[in-house]
Amino acid sequence: MTDHLNLLIGLAMGLNLVALGSSRLPSLIRVAAFQGVVLGLMPLVMEPELGVLAGLIASATVLMKGLVIPGLLRRAMRAARIERDLAPLIGFLPSLLLGAAGMMGAVALARQLPLLPEHRNSLLVPGAAATVFTGLLLLVGRTKAISQVCGYLILENGIYLFGLLLLGSTPLLVEGGILLDLTVAVFVTGIIVDRIQRAFDSLDTRKLTALHE
Amino acid sequence: MTLTLTSLADLLARLALWAIVAPLLPGLINRVKAWVAGRRGPPVLQLYYDLGKLWRKGVVVSTLASPGFFIGPVVTWVALLGAAALVPLGPLGATLSFRGDVILLVYLLALARFATAWAAWETGSAFEGMGAAREVSYAVLAEAAIITAVLTLSVHSGSLSLAALLAPTPGAGAALLAAGWFIVLLAENCRVPFDDPNTHLELTMIHEAMVLDHSGPLLAVVLHGAALKLMLFAMLLVQAVVPLGDLSASVAGAVLWVGVLGVAVGVGLVESLLARYAFRRVPLLLTTAFLFCWFALMLAWKGGVA
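Just so you know, the protein sequences line up as chains A and B, in that order. With the working numbering applied, the first sequence has no gaps in its numbers, which climb one by one up to 213 at the end. With the working numbering applied, the second sequence has no gaps in its numbers, which climb one by one up to 519 at the end.
The reader is advised that the hints may include incorrect statements.
[Claimed, not checked] Listing some non-contacts, in silico: residues in chain A with all C-beta distances to chain B over 12 Å: (1) Leu53; (2) Met77; (3) Arg81; (4) Leu116; (5) Leu167; (6) Val174; (7) Phe200.
[As the list claims (entries may be wrong)] One-sided and incomplete, this derived list gives chain B residues near chain A with beta-carbon spacing under 8 Å: (8) Pro496; (9) Leu497; (10) Thr500; (11) Leu504; (12) Trp507.
Simulated from the structure, these hints should not be mistaken for laboratory data. The structure displayed is predicted, hence computed values, not measured ones. The beta carbon of each residue, even a glycine, is placed where N, CA and C say it ideally should be.
Taking the hints into account, I'd like the entire structure generated from these sequences.
Here it is, written out as structure tokens:
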């Protein structure tokens with residue numbers, strides 16, 4: 001079980017690096033969605049006996065993160081007619097190296113933490129920390145609003161990974177609430193993106209710092 | 214290491230094998246490319262004909278060229294053949310094997326690159342200089358990946374000699390290592406995402422730009438050296454990834470050759486399906502290869518501790 005789980009988390013961590021290295025908006029959205037799907041499958045692997053709870057969480061997560069949210073983002077991208085090239089503040093090469101360093105830092109950090117014995121051999125904690133770090137890096141290092149949403153999505157994926165540690169004790173309601181919040185946030189951002197595009201003819205968030213009354 | 218008469222004969226037989234089989238791989242790659250494109254393509258043995266034709270031709274030499282222009286390709290070829298002599302051939306093992314021979318291999322590859330670049334500069338042509346500058350600057354990143362891959366294998370096997378390095382069954386990092394090494398193979402042999410061997414537009418090429426002024430037997434030596442290098446990388450890739458030691462000798466030998474041919478087919482498929490990358494994307498791809506090898510190293514290291 002731990003082996004399969006570690007394989008999935010390793011895949012998610014690899015996707016972090018792909019996200020940092022991808023230079024096109026559609027591919028970034030695809031990577032974030034795929035990572036969401038990979039994460040969504042994890043409750044199924046973690047629970048030895050397939051409970052209703054795990055099944056529900058898994059299917060809801062896969063549906064939301066794999067289909068609904070990327071669909072909303074693609075729609076926003078089409079509606080705002082933005083160019084597909086990402087304009088990075090932190091270049092692709094430095095962000096890739098930073099991401100790799102963050103990944104190793106996360107593994108080193110997780111070894112220092114006093115974890116429960118059943119979590120000691122799993123990659124859950126380092127994977128979560130590395131994914132959160134990747135999300136932050138994307139949020140800081142990309143200028144377009146939609147790519148920042150993708151960073152936010154990956155950040156949330158990391159938090160979801162942390163949440164998997166408590167899968168047994170978190171009520172379904174909380175998980176469902178988080179998913180719903182996320183969807184609404186992406187939905188609202190989709191609208192905002194359109195507005196920003198109309199007001200400024202660009203999605204560069206750096207221009208938003210110069211707002212006046 | 215005692216150099217008896219039989220081991221000397223063995224060594225010579227191996228070198229002859231390398232020299233004779235190597236030009237098969239580029240022919241195979243071209244055949245795969247032609248097949249994907251729906252053409253009939255040149256015969257698999259085309260490179261042999263080319264080498265024979267070039268060998269009979271004369272040499273045109275730039276008035277600026279010093280003897281380095283002639284020495285360079287020869288040094289490259291000898292260095293590559295020497296590197297090939299160090300590589301074990303699956304169940305046959307290696308004739309020349311000593312502690313640290315893998316480091317000699319890396320240095321021989323570096324020497325070959327230096328000699329090619331040197332011969333390119335000797336022509337005094339701006340294009341050659343440009344190609345050499347590109348080749349050397351990409352090599353900085355590719356060599357980082359090569360050395361990390363070697364480190365991974367030596368941490369994994371706890372040894373510094375190639376035969377022992379490639380013998381044990383690879384751990385979980387084998388897939389990572391294979392991916393990283395394949396990208397390095399494409400970069401080092403100037404295959405498609407990095408360089409297009411078919412292009413003859415000086416502004417976009419790397420390796421071809423370096424050898425533009427070479428002609429006749431010199432060009433034949435350069436081409437044959439390139440084929441040797443391709444086979445060497447394919448050989449190392451297959452042996453590092455496939456656990457040949459677990460198979461019986463004849464099966465392992467068959468698997469090794471099928472693997473090398475498979476790598477050639479893979480290169481052909483990559484060339485058919487991908488376009489050459491823009492130059493600014495190349496360091497990104499090479500860094501990816503480095504990271505693949507790096508994470509394989511981390512896995513091998515962590516596996517050794519736990």
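Hint-by-hint comparison with the structure:
1. Every C-beta of chain B lies more than 12 Å from that of Leu53 of chain A, the closest at about 31 Å, which supports listing it as non-interface.
2. Distance to chain B confirms Met77 of chain A as a non-interface residue, since its nearest Cβ pair spans about 22 Å, more than 12 Å.
3. Once the 12 Å rule is applied to beta carbons, Arg81 of chain A is consistent with being away from chain B; the minimum gap is 24 Å.
4. Every Cβ of chain B is farther than 12 Å from the Cβ of Leu116 of chain A; the closest lies at roughly 18 Å, confirming the non-interface assignment.
5. Against the 12 Å criterion, Leu167 of chain A stays outside the reach of chain B, whose nearest CB is about 25 Å from its own CB.
6. Non-interface status of Val174 of chain A relative to chain B is upheld: no Cβ of that chain comes within 12 Å, the nearest being about 34 Å off.
7. With a cut of 12 Å on Cβ distances, Phe200 of chain A stays outside the contact zone with chain B, its closest approach being about 28 Å.
8. For the restraint placing Pro496 of chain B at the interface with chain A, the shortest Cβ-Cβ distance is roughly 6 Å, inside the 8 Å limit, so the hint holds.
9. With a cut of 8 Å, the hint placing Leu497 of chain B at the interface with chain A holds, because the nearest CB-to-CB distance is about 5 Å.
10. Hint on Thr500 of chain B holds. Least Cβ distance to chain A is approximately 6 Å, under the 8 Å limit.
11. The interface hint given for Leu504 of chain B is met, as the beta carbon of that residue sits about 5 Å from the closest beta carbon of chain A, less than 8 Å.
12. The beta carbon of Trp507 of chain B is positioned within 8 Å of a beta carbon in chain A (closest approach about 7 Å), and the interface hint is therefore held.
Checked against the numbered hints listed earlier, the structure breaks none of them; every hint is satisfied.
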